[in-house]
Amino acid sequence: MSTPEENPEIPGLEDALARARAAHKEMAAALEDQEPESDEDLAWQPVWKRPRKLKSKAAEKVELRKQRRRLQDAGKRRLAAAQSRRPRSRQSRIGNAAARRDARALSRVRHSTAWLW
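All letters in the sequence shown, in the order written, are residues 4 to 120 by the working numbering.
Note that these hints are calculated values from the structure, not bench results.
One or more of the hints may lead you astray.
Stated by the list, open to error - In silico lysine to aspartate or glutamate, DMTMM-like type, Cα no more than 20 Å apart, as pairs:
no. : residue 1 : residue 2
1   : K60       : D76
2   : K56       : E66
3   : K28       : D18
4   : K64       : D76
Go ahead and model the full structure; you've got the sequences and the hints to work with.
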C-alpha cells in the first residue's frame, strides 16, 4: 500500500496532513498539562495486576469477622444437610425403655385414623 507522501495526486492531502500534525501537537500539550491523580493509573489494568490498597486494621477485622461468620453458617448448613440424609438409630433417639414405650404409644395415636375429641 502506498503512503500519502508517495501519492501526490490526491487534492488537499498536504493540508489535511498539516492540520493533523498540528492537532496532534496540541493534544500532546494538553495531555502534558494534566497531572494524573496519585491513586489513578494511566493505563487500565486487570484487577489481579493492580497494586494492593492496604486496609486499616479495623476494616480488616470487620472483613475477617464477616468471613468467619459466613464460614460458620456454611458449616452449620453442611452439618444439618448431612444429618438430615443420615437417619439416627432408634436407640440413640430414645434412651430408656419407658421412653420407648411412650414413643410407641404416641406413634400409635399419631398414625391411627380415630379422631380424638
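Fill in: Those earlier numbered hints the structure runs against, lowest number first
1
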